[in-house]
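With chain Z fixed as given, assemble chain F onto it according to the hints.
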Amino acid sequence: MNSTTAHNRVTPGRILLISVLLQAAGLLVFYFAEPLRKSVLTPAEAPREAQVRDRAAAARLRTLEEQRQQQREKAALKRDDAQKLARQMEREKATPILDQLRDMEKIREDLKRDTATVLDQLAERSVEDMSQYLFDRLHPLSTQLVVSAEQQRAQADLEAGPAVHVAARSLLDFAERERARLLEPEVFERLRASHGEVSAAQRRYIDQLDQAQAAYTGDLNRIRRENHVEYQVNLRRDQIAGLLGEAAELKVATMNDLPPEVASLTELPTEAIHALDDLSVPELHDQAQSLFEDIRQLFSGARAASMALEQHTSMTGAFQAIQVPGPTPSFPSGAAAATPETVGELNQYAAQLGQAARDVGQLWQQAHNMGVAGRSMAGRAGTGGPDGSGTPGPAANGHGRGGGAGGVGAARAAEGRAGRYADLTPFMYASSGEGGVQGFASGHGGGRDFTAGSRRSGYRETGSDTSRARAPWLSEDKVIKEALPGRMFNRDSPRTGWLYLDTWYVIGPWENHSRVNHEQTWPPETLVDLDATYEGKHGQKLAWQFHQSDNIRIKPPAEDESSTYYAYTEVYFEEASDMLIAVASDDAAKVWLNDQLIWRDDGIGPWRLDEGFRKVVFKKGFNTLLVRIENGPVTCTHSILLCPPEILL
Amino acid sequence: MSRRGIEDEEAEEIPITPLIDAVFLLLIFFLVSTMIKKLNRDIEIDLPESVSAERLMPARHNRVIGLNAEGDVYYEGQPTTIQSLHQSMRTLGVQDDTVQIRLDVDRATPTHRVIEVLDLCRFNRLLNVGIRTYDEFYNRP
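Residue numbers (my numbering), protein chains in the order written: chain Z, 11 to 659; chain F, 315 to 455.
The hints are simulated quantities; they were obtained by calculation from the structure and are not laboratory data. Values in this document were obtained by computation on a predicted structure and should not be read as measured data. Any given hint might turn out to be false.
Claimed, not checked - Distance windows between CB atoms, simulated: (1) 274/Z to 370/F: 57 to 65 Å; (2) 81/Z to 370/F: 35 to 43 Å; (3) 373/F to 133/Z: 54 to 62 Å; (4) 498/Z to 370/F: 23 to 31 Å; (5) 376/F to 293/Z: 32 to 40 Å.
Said to hold, decoys possible - Here's a subset of chain Z near chain F, in silico, CB distances under 10 Å, partners left out: (6) 21; (7) 539; (8) 556.
Quick reminder that beta carbons are idealized off the backbone N, C-alpha and C, glycines included.
The following block holds chain F by itself, in its conformation from the complex:
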C-alpha cells in the first residue's frame, strides 16, 4: 500500500463522537420538554377506559380541565376554584371559542361535577370538548 493510499483512508474517517453527543443532546431535549409538558398539565387521576374512544392527535393549543376523584378542579394542571374556572372559560369563550378543551376526569369523580363543567363550557360557547380516556401507550408509566 502506497503512502498516498494510507493518507486517503485516514482523511475519510468520520468523527462519530460529536455526532453521538449531538444525538444524545437532542434526545435529552425531547425527553425533558415532553416531561415538562406532562408535568404542567397532567394530574394524578385514574382515567376511565373506553374501547370505542377515538384516538386523536394531541392538539398543541388545547386547554386541560382536570377533575379528581374528590371533585376538585384543576385548570392547565393547576388547582383552581369553580368561580375562577367560570372566569377562565368566559375569557376563553370570548378569545377563541373553537379551542379544544380536554376534560381529564377520574373514574370516581361525581357525575354532577362533570355535568357542571360540561355545562359551563357549553354556556361559554366552547363546544370542542373531549373527555380523555385511558390510553395504553400514553398513560403507561
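Extracted from the complex, chain Z is given alone in its bound form:
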C-alpha cells in the first residue's frame, strides 16, 4: 500500500517536467498553427472567405454574449453587496459633479456682479444719447441715398432708357434735397430738442420718401437686379424710415425700464449650497439645474442690457429678442435612488448616474461660457457709455459705414473719403483687453469710403484729422495668391503677410426678408452653443456645421438669398498682439472679437478684399470671432484676414 502511494505521488521533479512539456507544447502550437492555417488559405480568395467566416463567427459570438448578458442581468444581488456597490459608484460620479457645482456657484456670483454693472450702465442712458445716435445714423444714410441714386441714374443712362433716367433723376433730386434739409443745424437741433418735434419731422420725411418711391417703382423694375442699385435704394429708404420710426417711439423712461424678470435678478439668493457632500447624485443634478437656471437668467439680463446699449433699443424689446436655451437634461429630475436588486438594475443604475454626470457637465460647460461672456460685457460696459463723454457715436461702435463721431464722420462721408480704417487698440487696452468696444475709434470715423474707383498702391489716408489713420490698400490677386490659411500665431511661426481664417463653424439661413436688419437678432448672437439646434428659414432645423475652406472666401454650405448666417471660429495667440484685421463681405456684416463688436457694415454690395480694416488687440490664448452675414440677392460670402501691422508699415 505504502509503495503504491509513494509511486503515485507528485514530486517536484515531475511537476517541473510536466510544466516544461506543457509550455513547449503551447509554444509549438502558437508558432506553427498560425502559419499552417495561413498556408492552407493561400489562394487569393482565401483571405476574403476567412474574413467572411470571421465575421459570421463574430456575429454568432455576439448573439451568444448578448444571451449570456441577459442571463447575468437577471442574476440577483445580495442586498448588502448591492448597496455597497451603488454607494461606490455614486461616490465616483459625485466627485467631479461637486467640483462643477462649486464652480457654477462662483460663476453665478460673478455673473450677478457683471449683470449689475451692465444694468447700471443702461440706467445712465439719456435722451441726449439717443438723439445723438439718431443724428449720427441719419447723416450717413441720407448720404448713401444720394450715392445710390447717382448709381441708379448712371445705370439708367446705360441700360434702361430715358424713362428710368427721369425717375432716377427725380430720386437723386429728392435725395439731395432731403440730405441738405437734414444737414441744416436747426432741423437737427429741433430733432434733438423735443420728442414731439422728432415725431412730426419723421412723419413728414417718411411721407416724402413714400411719394418718391411710388413715382419710380414701376421704372425701377426695368433695371437689372444684379446691379443691386434698386436694392440699395430700397434699403436706405427702409433704414431711414426704421430709424425715424424708432425715434417716434423714443421714450427714455420706458427704453430703460427693466422687465420684471430682470428687475429681480440682482436680488437672487447669494448663499452657497450647504452640505453638498451629503447629497446624492440625483440631488446634485437637481441643484445643478437650479444653479444653471439662475445663471441663465442673469446672463439673459446682462445680454439684453448689453444689446439695448449697443443697438440703442429698449431694454424690454432686447430682452424679448434674445433666446438663451439651456441643454435639455436627459436625466429625469428627482429620480429615485432605489437600491438595485439584480445585476441588470445595477447596470441601469450605473448608466443613470453616468447620464446625470454628463448632464451636469453640459450645464457647467454652458454656464462657464456664459460667465466668460458676462465678464466681457461687464468690461465693455465699464469703459464708458454708449455715446457718453469721451466716447463716440454709433459709428465708433464698429458701424463701419456709419458716420464718424463728433461730426467728423458726417463731413468725411459727404466728401466721399471717410475712413475704412479704425485703430481700436487704445480702447481695447483701456478695457484690459476684455471690453471697450463702446469707446472704439473715437474720432477715427468709420464712415464709408465711396471712392471705390480711386485705388492706388500703399496707404491711403482716411479718418480723422487728428489721428491720420491710414488704411492699407491690398492687391487682391497678390493677397489671394500669397495668403496662408491658419488660425494660430506663435513666436516660432513668423508671418510675413496676410493670414486668412479658413476654419469656421457656420449656421443659417434665417429669414431677413431682403433687408439688412441688424436689430433682428438670432440665438448665436446671444450665446454660441455649437451643439444647439434652432428653427431657421422655412422652419428648417439649423445646426452649426464645420466648414474648412481652401479659399479666402468663406461661403455658407447652403447658400440662400435674403438670409442671415453666422460664422464662428477661434484664433490662438501665444502672446497678446496688435493685429490688422481685414473684413470683407457680400453683403452686409457684423464682426465680434471676444464678444466685442469691431465691425459693422450695413451696405449691400459685392465682396471686396479691402472693404475695411480694424487694428485690434488679440489677447493671449484663445480668441473668439463671430461674424454675422446678411445676404441680399445672389451671392453670400465673407473673408477675414489677419496681418501684423508692422509688416505693412
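Just chain F now, with coordinates in the frame of chain Z:
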C-alpha cells in the same frame, strides 16, 4: 523501505491546491481588469482595415476619442458633445500636449467629422494623434 525514508517523502509533498487557487485568482484579476478597460474606452464601431498601419503598444495614458457611423462623438468611451470635446481638448492641451490621442473612427463616419476632430486636436497643439484600425488579435471577439 525504512520508516525514516517514508517520512522524508511525505515531507517533500507540495500542496498544489493553493497554488492553483492563486493562479486562477491572478488569471481572473487580469481578465476582469482588461475587460473593464475595454468596456470603459471602446465603443461599438466597425473599424477600417489597413495593411500598412503601424502596430503600436497601447499607451497607458492615452485618450480615446470615438466617432460612430452617425458622427456621434465619444470621449473616453462616454458620449459627449462637440462643445464639451472642445473644452476637454483645450484642457488637455494645456495640461500635457504630448499625450497620445487615439481616434476610433467607424468606416462609415462622415469624413468632415473626422477632419473636424483632427483640426480640433491640432488647434489645441495635440499633435500625437493616431487613428485606430482593425486589428485581428485585439479586435477578434
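Now the hints, each set against the structure:
1. 274/Z to 370/F: 57 to 65 Å: Roughly 58 Å apart at Cβ, these two residues keep to the hinted range, so it holds.
2. 81/Z to 370/F: 35 to 43 Å: holds, 37 Å
3. 373/F to 133/Z: 54 to 62 Å: Given about 57 Å between the Cβ atoms, the range holds.
4. 498/Z to 370/F: 23 to 31 Å: Since the Cβ atoms of residue 498/Z and residue 370/F sit about 27 Å apart, the hinted range of 23 to 31 Å holds.
5. 376/F to 293/Z: 32 to 40 Å: Roughly 35 Å apart at Cβ, these two residues keep to the hinted range, so it holds.
6. 21: At 7 Å from the nearest chain F Cβ, residue 21/Z passes the 10 Å test, so the hint holds.
7. 539: holds, 6 Å
8. 556: holds, 4 Å
When held up to the earlier numbered hints, the structure conflicts with none and fits them all.
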